[in-house]
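**Q** Sequence:
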Amino acid sequence: LGTSQQPYRMTVFVFTYNRVTGLQRIVKSLVDSDYLGHRVDLTLFVDNPKKFPDKEHSTDYATPESANSPILQFIRNDLVWPHGDVRVHKREKNAGLKRSIMEAWYPMSDDSMGAFFEDDTEVSPLWYKWVD
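First residue of the sequence shown? That's 2 in the numbering used here, and the numbers climb one at a time after it.
Keep in mind that the hints were calculated from the coordinates and are not lab data.
Since this is a predicted model, take the numbers as computed values, not measurements.
Even glycine gets a Cβ: it sits at the ideal position worked out from N, Cα and C.
Relax, there's no trap hidden among the hints.
Cβ-Cβ distance ranges computed for the label pairs, FRET-style:
(1) Trp82 <-> Ser113: 10 to 20 Å
(2) Asp42 <-> Trp131: 15 to 25 Å
(3) Ser113 <-> Asp35: 18 to 28 Å
(4) Pro83 <-> Gly115: 13 to 23 Å
(5) Arg77 <-> Gln6: 28 to 38 Å
(6) Asn78 <-> Gln6: 31 to 41 Å
(7) Arg26 <-> Asp111: 27 to 37 Å
(8) Arg40 <-> Leu127: 15 to 25 Å
(9) Met103 <-> Val132: 20 to 30 Å
Restricting the straight-line Cα-Cα distance to at most 35 Å, the calculated cross-link-like pairs of lysine-lysine (DSBU-like) are:
(10) Lys130 <-> Lys91
(11) Lys99 <-> Lys130
(12) Lys94 <-> Lys29
(13) Lys29 <-> Lys99
All chains, full assembly: derive it from the sequences and hints.
**A** Structure follows, in structure tokens:
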């Protein structure tokens, strides 16, 4: 990591709710992106539903009671991020997208940058070059 001069510290934030397929798609597109040899950290925010579904469908959600939810299984067993560190923030209660984004990032210095994505998006492999 860090094969060329990097003038800032980049963190990619991904916000997910209950769409494991969408999370897999955005993570794959981010992993496959060209980061110019720069270090890029990844932070995942896993929100909970406002109201928990019935027991029959509870494994579709990343609830505190369901450590075996598809989203948490993917993060735990399949997520590979070769570009930097990975952090996971799992909410105990529903916060909603707006609140999650507003609370996600506080720049620690003038050279901090953040990019924010939802689990229903996909990025071009060239997105970081465009930002850089």
